[in-house]
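The numbering of the sequence shown is full-length UniProt numbering, which starts it at 1 and goes up by one.
Please keep in mind that the hints were generated in silico from the structure rather than gathered at the bench.
Honestly, I wouldn't trust all of these hints.
Cross-link-like lysine to aspartate or glutamate pairs, in silico, DMTMM-like; alpha carbons within 25 Å at most [claimed, not checked]:
1. 57 with 69
2. 113 with 51
3. 86 with 69
4. 86 with 70
5. 57 with 119
6. 16 with 69
7. 57 with 70
8. 86 with 20
9. 122 with 22
10. 86 with 22
11. 16 with 70
12. 116 with 51
13. 117 with 51
Ranges of calculated distance between the beta carbons of each label pair, as one might list FRET restraints [unchecked claim]:
14. 69 with 31: 18 to 24 Å
15. 118 with 19: 41 to 47 Å
16. 118 with 62: 17 to 23 Å
17. 63 with 114: 18 to 24 Å
18. 58 with 31: 20 to 26 Å
19. 40 with 65: 14 to 20 Å
20. 122 with 28: 44 to 50 Å
21. 121 with 16: 43 to 49 Å
22. 75 with 6: 17 to 23 Å
23. 21 with 59: 31 to 37 Å
24. 113 with 63: 38 to 44 Å
25. 118 with 17: 26 to 32 Å
Glycine included, each C-beta is placed from N, C-alpha and C at the ideal position.
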Amino acid sequence: MVGFIWWIWHLPYIMKFRSEGEIPNTLPVGRLTFFLIGMINVACWTVMYTEIFRITKSVWPLVIMHTMEDAVINPLLLLGFVSVEKNQAFLFSLSVGMIPTILYLTVGLAIRKWRKKQEYGKAS
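Can you build the whole structure from these sequences, using the hints too?
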C-alpha cells in the first residue's frame, strides 16, 4: 500500500514536470512506460525504505537517501553527464534499471530478515 501511495505521489513529477528529453537519458521509453516501470521500481524501493525506517525509527535516513538520489544520481542521468547504453538501460540504469532495483529489494529483504531475527531474539 505504501509503495502504491509513493507511486501516485510521483505521478505529477513524471507526467508533467519532467521534460521530454530527460526520460530517454534515463531509459529509452515513453513517458507512460517510464511511469509504469517506475511503479515496479518504487514498490521494490519501498521494502528497503520501510525496513530502514523500522530499525532507525526515524525518517531522516530516508530523507537523506532520497535527497542524495535526487541531488546526485538523477541529475547525472537526466542531464546526460552519465549515460548507459540504450540497449542496456533497462538492466543497468542507476535509478530504474532492473539490476539496481533487484539490489534495492534484496537489501530491503536482508534488512527485514535481520530485523525479524533481532525481534525474535528479544521475545525469547
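Cross-check of the supplied hints:
{"no.": "1", "hint": "57 with 69", "in the structure": "21 Å, holds"}
{"no.": "2", "hint": "113 with 51", "in the structure": "10 Å, holds"}
{"no.": "3", "hint": "86 with 69", "in the structure": "21 Å, holds"}
{"no.": "4", "hint": "86 with 70", "in the structure": "21 Å, holds"}
{"no.": "5", "hint": "57 with 119", "in the structure": "14 Å, holds"}
{"no.": "6", "hint": "16 with 69", "in the structure": "20 Å, holds"}
{"no.": "7", "hint": "57 with 70", "in the structure": "23 Å, holds"}
{"no.": "8", "hint": "86 with 20", "in the structure": "16 Å, holds"}
{"no.": "9", "hint": "122 with 22", "in the structure": "48 Å, violated"}
{"no.": "10", "hint": "86 with 22", "in the structure": "13 Å, holds"}
{"no.": "11", "hint": "16 with 70", "in the structure": "17 Å, holds"}
{"no.": "12", "hint": "116 with 51", "in the structure": "10 Å, holds"}
{"no.": "13", "hint": "117 with 51", "in the structure": "13 Å, holds"}
{"no.": "14", "hint": "69 with 31: 18 to 24 Å", "in the structure": "20 Å, holds"}
{"no.": "15", "hint": "118 with 19: 41 to 47 Å", "in the structure": "45 Å, holds"}
{"no.": "16", "hint": "118 with 62: 17 to 23 Å", "in the structure": "20 Å, holds"}
{"no.": "17", "hint": "63 with 114: 18 to 24 Å", "in the structure": "22 Å, holds"}
{"no.": "18", "hint": "58 with 31: 20 to 26 Å", "in the structure": "34 Å, violated"}
{"no.": "19", "hint": "40 with 65: 14 to 20 Å", "in the structure": "19 Å, holds"}
{"no.": "20", "hint": "122 with 28: 44 to 50 Å", "in the structure": "48 Å, holds"}
{"no.": "21", "hint": "121 with 16: 43 to 49 Å", "in the structure": "48 Å, holds"}
{"no.": "22", "hint": "75 with 6: 17 to 23 Å", "in the structure": "21 Å, holds"}
{"no.": "23", "hint": "21 with 59: 31 to 37 Å", "in the structure": "33 Å, holds"}
{"no.": "24", "hint": "113 with 63: 38 to 44 Å", "in the structure": "25 Å, violated"}
{"no.": "25", "hint": "118 with 17: 26 to 32 Å", "in the structure": "41 Å, violated"}
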